[in-house]
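Protein chains: 2
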Amino acid sequence: MATSGALKKKTVDKQSAEDARVHVPNPHLEKMKDDILYHFALGTSTHDFPALFGDIKFVCVGGSPSRMKTFITYIAEQLDIGNPGYDYPNICAGTDRYAMYKAGPVLSVSHGMGIPSIAIMLHELIKLLYHSKCCNVTIIRIGTSGGIGLTPGSVVITKQAVDATFKPQFEQIILGKSVIRGTCLDENLAEDLMECAKELDEFNTVIGNTMCTLDFYEGQARLDGAICMYTEEEKLQYLKEAHKAGVRNIEMESSVFAAMCNVSGLKGAVVCVTLLNRLEGDQISTPHDVLKEYQTRPQKLVGHLIKKCLGKK
Amino acid sequence: MATSGALKKKTVDKQSAEDARVHVPNPHLEKMKDDILYHFALGTSTHDFPALFGDIKFVCVGGSPSRMKTFITYIAEQLDIGNPGYDYPNICAGTDRYAMYKAGPVLSVSHGMGIPSIAIMLHELIKLLYHSKCCNVTIIRIGTSGGIGLTPGSVVITKQAVDATFKPQFEQIILGKSVIRGTCLDENLAEDLMECAKELDEFNTVIGNTMCTLDFYEGQARLDGAICMYTEEEKLQYLKEAHKAGVRNIEMESSVFAAMCNVSGLKGAVVCVTLLNRLEGDQISTPHDVLKEYQTRPQKLVGHLIKKCLGKK
Numbered sequence: 001m002a003t004s005g006a007l008k009k010k011t012v013d014k015q016s017a018e019d020a021r022v023h024v025p026n027p028h029l030e031k032m033k034d035d036i037l038y039h040f041a042l043g044t045s046t047h048d049f050p051a052l053f054g055d056i057k058f059v060c061v062g063g064s065p066s067r068m069k070t071f072i073t074y075i076a077e078q079l080d081i082g083n084p085g086y087d088y089p090n091i092c093a094g095t096d097r098y099a100m101y102k103a104g105p106v107l108s109v110s111h112g113m114g115i116p117s118i119a120i121m122l123h124e125l126i127k128l129l130y131h132s133k134c135c136n137v138t139i140i141r142i143g144t145s146g147g148i149g150l151t152p153g154s155v156v157i158t159k160q161a162v163d164a165t166f167k168p169q170f171e172q173i174i175l176g177k178s179v180i181r182g183t184c185l186d187e188n189l190a191e192d193l194m195e196c197a198k199e200l201d202e203f204n205t206v207i208g209n210t211m212c213t214l215d216f217y218e219g220q221a222r223l224d225g226a227i228c229m230y231t232e233e234e235k236l237q238y239l240k241e242a243h244k245a246g247v248r249n250i251e252m253e254s255s256v257f258a259a260m261c262n263v264s265g266l267k268g269a270v271v272c273v274t275l276l277n278r279l280e281g282d283q284i285s286t287p288h289d290v291l292k293e294y295q296t297r298p299q300k301l302v303g304h305l306i307k308k309c310l311g312k313k
Numbered sequence: 001m002a003t004s005g006a007l008k009k010k011t012v013d014k015q016s017a018e019d020a021r022v023h024v025p026n027p028h029l030e031k032m033k034d035d036i037l038y039h040f041a042l043g044t045s046t047h048d049f050p051a052l053f054g055d056i057k058f059v060c061v062g063g064s065p066s067r068m069k070t071f072i073t074y075i076a077e078q079l080d081i082g083n084p085g086y087d088y089p090n091i092c093a094g095t096d097r098y099a100m101y102k103a104g105p106v107l108s109v110s111h112g113m114g115i116p117s118i119a120i121m122l123h124e125l126i127k128l129l130y131h132s133k134c135c136n137v138t139i140i141r142i143g144t145s146g147g148i149g150l151t152p153g154s155v156v157i158t159k160q161a162v163d164a165t166f167k168p169q170f171e172q173i174i175l176g177k178s179v180i181r182g183t184c185l186d187e188n189l190a191e192d193l194m195e196c197a198k199e200l201d202e203f204n205t206v207i208g209n210t211m212c213t214l215d216f217y218e219g220q221a222r223l224d225g226a227i228c229m230y231t232e233e234e235k236l237q238y239l240k241e242a243h244k245a246g247v248r249n250i251e252m253e254s255s256v257f258a259a260m261c262n263v264s265g266l267k268g269a270v271v272c273v274t275l276l277n278r279l280e281g282d283q284i285s286t287p288h289d290v291l292k293e294y295q296t297r298p299q300k301l302v303g304h305l306i307k308k309c310l311g312k313k
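Listed in order, the protein sequences are those of chains G and R. Using the working numbering, you'd call the opening residue of the first sequence number 1 and step up by one each time. Using the working numbering, you'd call the opening residue of the second sequence number 1 and step up by one each time.
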């Protein structure tokens, strides 16, 4: 990590610890006696947040609950925490909206699919970190995506999340009016991840722009949805324009993730494996075991980074 | 149901059976040899769709996988299908993106939270019904929502799904360009459901507009998210404007549901219980067992309709 290490441990005095706390830009929260994080089935009057979560330094999030359980087992092994084979309990067992697991300083949370689903989770997660008085937290999305012009299995570290017109912005509708937020991600963290990829040297990894869409089929120019009213030529033209704009992969959560990291001052990264090359097709027909191996790649990369940051490597 | 009965069984000749088939407005599908429904972990080359799903007449969808499992057990009991206590297997066991259960002519599918998540599911569901050669299918979303000006526990049958500016439309971005689709739902079906509510006479039920948002916190004018940059007065003004525009509840899936029903010719309805009155607060602090009872209400209403339509009542 050397000098770029935005994550490296340092001695902090009280003032800078205060600065490094997760902050919530919401003056109304202070007036609330209790706070129920409804979609986590957790609440400040029923759970001791600082005791449960105060030591968190890394939060990894991904769409699938089972993948996030696999990740917590993997990272615990890597960090040599707990007993091998330990069955990590789901902290959000009171609901089936999200799944959450914790091993030492690492929290692993599922977020479902799409911007609204991850946004609900992030609102409640940021409040969880705030109520827990967490400091210096890094959050990384480890996901799957469609690649543009990359060999399937390649990993993309997101530089900017861009919308369907390739602009690095996220449009949020608040009180019926459009609010635009920036979607750049932490540059140092992306570089640190790229350095980890070089050290691992196990799979192709690039830094590039990630297009974030509200739909998997028509929104990503697929020809294989239930509805499709454009031609193959129009599809390819659109994807090639995206590539020219620096887009290397397409997924469905990065823009609101980046926007919310920016607004709440969290250091964030998005690391997604590409399951297919969209210039060559739409269907995900790769054998199940190959796809499964692909999905371990962001986990390996992020695991390597966390080990380094915690001085375990 | 009498004469309004858009769902009533009738003898159909071959031509009208053809008309009543689920159609997919996508000319590319015919050229595909196989079709992998990736997020269901089902495919036409690995599963016999007409044999598995050809008899489906009702599809009920909802956010939570466990709620959709509860529903299939409930409807099977109501229709007197299968053995009491039977543990219905998850047809999508090969993935944890969605859960799917079937009892006789009823399919029950989870869709996660938000427009993108339900849209992926609907694309694959509509293709599933098409490949299975299903006819005369009715699809109903049974969900939870925030009410406006209604006693908590009231049920809203959606007339129109409206966006955050109260317009009955859904904006979809295709190839980077905006496409507007209509979001009216089947009027006869809504009336049939209202008739069922009157027959049941167990809880307050209204027909009204449903506002569909892309976010649960800022998007629904809540004061209790991680981010909030407006005042309580601005919040209340917005919700009161919504009420004036005929909005009786707010949720996160109805607009794309209605739009996709319209484009693919499926008869659709949205039936949501209201968990709270948003004019009185934001937090869902009602005791767990009360919320659980609320969530059975759309199930009871839709169960009653299905029984009537299948001539079991």
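Hints are supplied without guarantee of correctness; some may be wrong.
Any copy will do: because identical chains look the same in the list, a pair fits if it lies in one copy or spans two.
[What the hints assert, rightly or not] Result set (DSSO-like, lysine-lysine): computed pairs, CA atoms no more than 27 Å apart in a straight line:
hint : residue 1 : residue 2
1    : K244      : K57
2    : K177      : K167
3    : K235      : K33
4    : K198      : K31
5    : K240      : K33
6    : K244      : K177
7    : K69       : K33
8    : K33       : K198
9    : K292      : K33
10   : K240      : K31
11   : K177      : K235
12   : K235      : K57
13   : K308      : K235
14   : K240      : K177
15   : K57       : K308
16   : K240      : K307
17   : K235      : K31
These are calculated hints, taken from the structure and not from any lab test. Please read these numbers as outputs of a predicted model, since none were measured by experiment.
Hints, verified against the model:
1. Taking CA atoms no more than 27 Å apart as the test, K244 paired with K57 passes in neither setting, with 37 Å inside one copy and 46 Å between copies.
2. Taking the shortest alpha-carbon separations for K177 and K167, both the intra-copy value of 19 Å and the inter-copy value of 13 Å come in at or below 27 Å.
3. Taking the closest pair of Cα atoms, K235 and K33 come within 27 Å of each other only across two copies (20 Å); inside a single copy the shortest separation is 52 Å, beyond that limit.
4. For a Cα distance limit of 27 Å, the shortest separation of K198 from K31 qualifies neither inside one copy, at 48 Å, nor across copies, at 42 Å.
5. In this homomeric assembly, K240 and K33 come within 27 Å of each other (Cα to Cα) only across copies, at 26 Å, whereas the closest approach inside a single copy is 52 Å.
6. Taking the shortest alpha-carbon separations for K244 and K177, only the inter-copy value of 18 Å comes in at or below 27 Å, while the best intra-copy value is 31 Å.
7. Taking CA atoms no more than 27 Å apart as the test, K69 paired with K33 passes in neither setting, with 33 Å inside one copy and 36 Å between copies.
8. Proximity of K33 to K198 under the C-alpha cut-off of 27 Å is found in neither arrangement, the shortest distances being 48 Å within a copy and 40 Å between copies.
9. Proximity of K292 and K33 under a CA criterion of 27 Å is satisfied inter-copy only: 25 Å between copies versus 45 Å inside one chain copy.
10. With identical chains, the CA atoms of K240 and K31 are at most 27 Å apart between copies only, with a shortest distance of 23 Å across copies and 50 Å within one.
11. For a Cα distance limit of 27 Å, the shortest separation of K177 from K235 across copies, 12 Å, qualifies, whereas the shortest one inside one copy, 31 Å, does not.
12. Taking the shortest alpha-carbon separations for K235 and K57, neither the intra-copy value of 42 Å nor the inter-copy value of 34 Å comes in at or below 27 Å.
13. In this assembly of identical chains, the alpha carbons of K308 and K235 never lie at most 27 Å apart, being 42 Å within a copy and 45 Å across copies at closest.
14. In this assembly of identical chains, K240 and K177 lie within 27 Å of each other by CA distance solely across copies; the values are 16 Å between and 32 Å within a copy.
15. In the homo-oligomer, the alpha carbons of K57 and K308 lie at most 27 Å apart inside one protomer (13 Å), although the nearest pairing across protomers, at 56 Å, exceeds that limit.
16. Taking the closest pair of Cα atoms, K240 and K307 never come within 27 Å of each other, the shortest separation being 38 Å inside a single copy and 52 Å across copies.
17. In this assembly of identical chains, K235 and K31 lie within 27 Å of each other by CA distance solely across copies; the values are 16 Å between and 51 Å within a copy.
Of the numbered hints given earlier, the model fails hints 1, 4, 7, 8, 12, 13 and 16; all others are met.
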